[in-house]
Each structure stands twice: as C-alpha cells, then as structure tokens.
Amino acid sequence: MRVADAAREALRTLRVSWLRTALTLFGIVWGTASVVFLISWGLGVRAMMEDCYGRVGRNLVQVFPGQIGSDFTPAADRRLLWITLDDVDAIRARVRLSSLVLPESQTFRSVGFRQTTTSLNIRGVVPENVELRGVEVSAGRAITRDDLHHRRRVAVLGSKARERLLGPHGGVGSSIRIAGQPFTVVGLLSRVGMQLWQDGPSQLDEQVWIPFSTLAGFGKRQGRDGDVVDNIMLSVKDRETRKAAEHEVRAILAERLRVSVDDQEAIRIMSPLDALEKIPLDQLGGLLFTLGATTLVIGGVGILTMMLDSVQQRRQEIGVRLAVGARRRDILTQFFLETFVITGLGGLLGIALGLAGCLALASLATADLIPQPIVRWQTIAIALGVMTFVGFASGLVPARRAARIDPSVTLRTE
Amino acid sequence: MSPGDAAAVVRAADEPVIELTDIRKSYSSGRFAVDALRGIDLRITRGELIAIMGPSGSGKTTLMEILGCLLQPTAGSYRFRGAPVEAITPDGLAALRGREIGFVFQSFNLLPRLSAVENVELPLGYGGVRRRERRRRAEQALERVGLAARGRHRPAELSGGERQRVAIARALVNEPSVVLADEPTGNLDTHTGEAILELLTSLKRDGATVVMVTHDPRIGERVERLVEIRDGRIEHDGRVRSGTDPDGV
Chain A
64 MRVADAAREA LRTLRVSWLR TALTLFGIVW GTASVVFLIS WGLGVRAMME DCYGRVGRNL
124 VQVFPGQIGS DFTPAADRRL LWITLDDVDA IRARVRLSSL VLPESQTFRS VGFRQTTTSL
184 NIRGVVPENV ELRGVEVSAG RAITRDDLHH RRRVAVLGSK ARERLLGPHG GVGSSIRIAG
244 QPFTVVGLLS RVGMQLWQDG PSQLDEQVWI PFSTLAGFGK RQGRDGDVVD NIMLSVKDRE
304 TRKAAEHEVR AILAERLRVS VDDQEAIRIM SPLDALEKIP LDQLGGLLFT LGATTLVIGG
364 VGILTMMLDS VQQRRQEIGV RLAVGARRRD ILTQFFLETF VITGLGGLLG IALGLAGCLA
424 LASLATADLI PQPIVRWQTI AIALGVMTFV GFASGLVPAR RAARIDPSVT LRTE
Chain B
122 MSPGDAAAVV RAADEPVIEL TDIRKSYSSG RFAVDALRGI DLRITRGELI AIMGPSGSGK
182 TTLMEILGCL LQPTAGSYRF RGAPVEAITP DGLAALRGRE IGFVFQSFNL LPRLSAVENV
242 ELPLGYGGVR RRERRRRAEQ ALERVGLAAR GRHRPAELSG GERQRVAIAR ALVNEPSVVL
302 ADEPTGNLDT HTGEAILELL TSLKRDGATV VMVTHDPRIG ERVERLVEIR DGRIEHDGRV
362 RSGTDPDGV
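For the record, the sequence lines run as chains A and B. In terms of our numbering, the first sequence is residues 64 to 477. In terms of our numbering, the second sequence is residues 122 to 370.
Just so you know, the hints here were simulated from the structure itself, not pulled from any lab data. Some hints here could point you the wrong way.
Label-pair distances were calculated between CB atoms; the ranges are [claimed, not checked]: (1) A:451 / B:204: 41 to 47 Å; (2) B:351 / A:75: 41 to 47 Å; (3) A:85 / B:233: 17 to 23 Å; (4) B:351 / A:71: 45 to 51 Å; (5) B:278 / A:426: 31 to 37 Å; (6) A:456 / B:176: 46 to 52 Å; (7) B:312 / A:451: 38 to 44 Å; (8) A:426 / B:257: 51 to 57 Å; (9) B:205 / A:361: 46 to 52 Å; (10) A:456 / B:336: 44 to 50 Å; (11) B:176 / A:85: 47 to 53 Å; (12) B:312 / A:75: 17 to 23 Å; (13) B:205 / A:71: 36 to 42 Å; (14) A:66 / B:336: 42 to 48 Å.
Every value quoted in this text rests on a predicted model; they were computed, and no experiment measured them. Cβ atoms here follow ideal geometry from the backbone N, Cα and C, with glycine treated the same way.
Okay, chain A solo, but in the shape it has when bound (with noise of 0.2 Å):
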C-alpha cells in the first residue's frame, strides 16, 4: 500500500473518531502554539530590554574620573583626578575602536519661564551629542559649533523638559532664565521614551541641553589645560569591540593623568551594555522554550495514549488487514502515518495559533515597558522540529505495537 493512501485511511479514520481526535489535537495545538508564542515573545522581551537600555545613546561607554585607588597609593595622599577637553582631544586623536568621543558636563539649577521656575538638569554638550544619544531634534535646531565657540545662551529641551517648563505656551524662540540668566529655546528634542539606564540623575527627556562652554562658565572648576569635563562619552563601533575599546581608551587616559592602567577607581568606565550583559536573557529564552517544549511533549504523551488506545481497540481490523495481505510494515506504515497526521495537523493549527497569540500581543502593546513578541521564520521552523520529534517518538511505539498483533487470536470469532 503507498503512502498516499495510507496518509488517506489516517485522515479517514481521524473524521470518524472525531471528538476524541480533537481533544488528542488540543495538547499538539497548544504546545505548539506555546512554543511559538514564548520564543517570539522571549526575543520581544529581549528587542525591548536592548532597546531601553540603548535608548541612552548608541554603544555608549562613559568614562568617568575619580580617585586613585587605595592599592596605588597610601591612604592619606587619595588625589582626585579629573579630565580636561584636552584629554578628550586626546583620546579623540588617538582611539581606534570608536568613532566619537566627545566630552560633557552636567550640573541641577533653577529654570523659569514666565512665572514658572524648576529645577532642571543642564547639560552642557557639544553638536554631536544628538548623534550619539541617537535623539532626533523635533523643532528648531541642536547646538552648533558657533554657539560653543560664542558661549551662547542658548537651549535645547528635552520633551520632559519642555512640558515641564514651556507647557502649552512657548517653543522654540521662548525666552527662559537658567540660574537667573536669560537663555533663548532654539531646539526641541522628540520624546526618547523609558530609559532603563541613564547616566547620571535624570533621562534624556527631562535634559536641558546648552552648549558645553557656556556651562563652563557657570563657576564650574576651572582646569590648569582647559575646561574640566564630568565625564567623556563615547560610541563604540560594536558590542565585540566594546571592551578592547574600552581598555584603549583607559590606556591613553592613564597615560595622561599619570595612574596605574590597573587602577578601577581612578578611571571609571561604565556603559549600559554591561548592564544588559548582566540580564540573563540567553538563560530566560531557554526556560521559556524548554516550557513550550515541555507542553508540546505533554501534547505527544497524550497522542501517545490515544494511539496505544486505538491500536487495542482495533485489534480485530489489524487482524483482517493482515489476513487480506497487510505486510507488517504496511500495518506499522499506517498507525506511523495516523499519528503524523494528527500532529501535524496539531503543529500546523498550533503554529496559527501561536502566530495568532503575537499578532493579538503586539496589537496590545503601546507601554514602554511591555514587550512586543518577534516572529521569526526560525522560531517557527523550530516549532516545526519539535512537533515532528513529538509525532515520530508517540508514533513508533503504538506503530511497532500494532505491527506485532497476532492476527490468529484477533479473528477469532469469540
């Protein structure tokens, strides 16, 4: 008998016992559509995670100086260290591994507009800025070189920022008073969203960006070489890179301040990526398909028992089949087939259902935080896998039971 038409009595003998064909399905679908659903939504909950923890600049690591370490140095001679524009310009001339290094300052003072005043975080930044914090400048214009170099009383507002100051009434062209001194808005920043790592005390939607030399002239610290930076940013190329990076930069810069390359606590670098890297999100996309493929296996267990059922039940039409010329493997080719049918055809609604599941998740998610699940063809070519070991490993052993039935005993009459 071919296969075809085995595949045919399968799906014969599946219309016939229905109700119970339907409930065996149940555990196939649902595990099938648990597999695509948690993997998709594992890699939604991971693009969500790197996205907020991106949402504060690309690949950015920031360097920031502190003190010589107390292994370097006996205790009461701890010298702070700080980093000038020229060590940022050094840095800039010399790295390899990343493509913009650019220095920042940031301090709290009181913002008003009209009769409005609060405390807002300045910070003063040079024209690449919005390059590396991957913002987009929504109305007006970002800080240029010229207003660095004139030390212009300009401002641009994050979206936090401006409703918490302008509210309805200004934009760009309004006049506020940082610190008591007039500024103009010249740009608007567009909503960044929830950062789930920020450097310093606030996100990028409640900054007030104004250009870094201007900052300095704030009764900031005033360094022997050139303005003192807070901290130097910079983008890294790629993850990969990141850390040899990292080590380049430390190297120039303990060079320059005269520390130890060892020293953690006179050079400090940090960057959002080593707190993504702390997220096991490899570990949370394993448990999430070994819970889906746990369910699919439940599934095949239940198939398991239906088939073991059904080949007991039908001992009697083995023994015909086999009486009217069925070959063993013809009876094992056929109970085999049934099973594959039906949990193919399990996998097959499950995978729509799964689908189905992230389509109605992802038509639901708008807050920050909640993950949007990714479908991938790989996600489902894996559901496709584990359905087909389930259908073979609950196939073969009701296939090889019914095979081995001895017809003598089945066709008897009593």
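Since the structure of chain A is provided, determine the placement of chain B on it from the hints.
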C-alpha cells in the same frame, strides 16, 4: 490473472493446492500445553468443494488458520501449490494471503469505517493495484455477489446476509486459488445462510477451491467432500454423497 497463469492452472488441475503432512499445533499457556492438532494429513486439489466439520474444540479453527497461513504449525509440513510454507518469508506470506487465499469469517470482519466497496478493495490495495483499477475490480466482485447497488453503504447499514456477501466479494476480488470460509453461516438465519451457502458452492463453477469450516450439518450435505475432525485428528475424510450436485438447490 494473465493468460500464462491460466494455462498453468489448467495444467495443474489435478495438482494439490494444499498438502498437509502430519501437521501438529500445540499452544502452551502457563504450565499446560494444549495439543490442538495432533497430526493432520490433508490434500486438497484445485476446484474441490470441501467442508471440515467437527465439534467445538476439535481444532478446526486452528486448522483453518494454518491453512490460511495466519498461524505457523508446531510441526509437520505444509505445501501451498507445491511450495513449502515454512520457507516463505513473512512478507511472502502476506502476499500469499493477499493473492492466493480469500477469507470469509463467521463474524464477517468487515472494517466498519469503510464502505462496502472499500472493504472489497482492501486486498487489492495491499497488492499494489492502482486506485482506479481497484475500484473497477471491487465493483465487479460486488456485482458477482449481487450487491452492485450497495457498494457505497457502510457495513452497519447492511443486513447480515449482505455483509457476508461483501466479505465473500472481498475474498474473491483477487481471484484466489483457495477460498477459506470459517463458519460462513454461523451468524445468519437459516434462509440467509442458505443463500450464502449457495453463493459459496457456486464458486466451484468458476474454478475456485472452497474450504468451509463448520459444524452446520446442512453444509456437510452440500459438499462433495467432508472431512470430520475430532480432538485434533481427522476422523473421517471422504465423499458424503456421491453424485451430489453442488449447484443444486
């Protein structure tokens, strides 16, 4: 059957289809061994109409199963059309059952999920016959047993007599050398049984060898040769009534 086969059949007309020599079969269940057959010698030639009779427990069903190659004897030799059955592979036995032997059972043993015509098609399917050809030959076989109009019905929608006719059509569809019928009238009322019996005896006209196992004495009256077995041995083997017209009513 190809013309070549037909010629072979004519030449082999007097050759034994079935030849049993000292066939023994014992079943062991736990400590007890039951000797179902204790040395059966039987020779059946082509075109014979034969009944094997005996009381319950005489071993006739076991004999039937051995004849049908569903069961291996414990000892003895069985030649089917000259070939020693013990030497045939399991797949070869399956092919032999499918092509050379047609079974008719007391409880019909139709597959309830299949329609009548699909039940008749079964042996052809395992024989590798193509779908369209299968359907054509199955319908022919149904016509031969007078059920051409009932082919689409499920067994549950047929009467007992009709079911047994379907079973006979299934047994005949491959034009087997031997039709083995185990209590073919056992589950039927007298009148229907009579009609089935008539159908089976009529097969002789088409050159088939028919072996019926029964304890129905009326069957014994209709056949040319009667084998009586008791306690696993042949007690009597011979013509019951010479000159019986097997086709007569």
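- List of violated hint numbers, smallest to largest: 5, 7, 12
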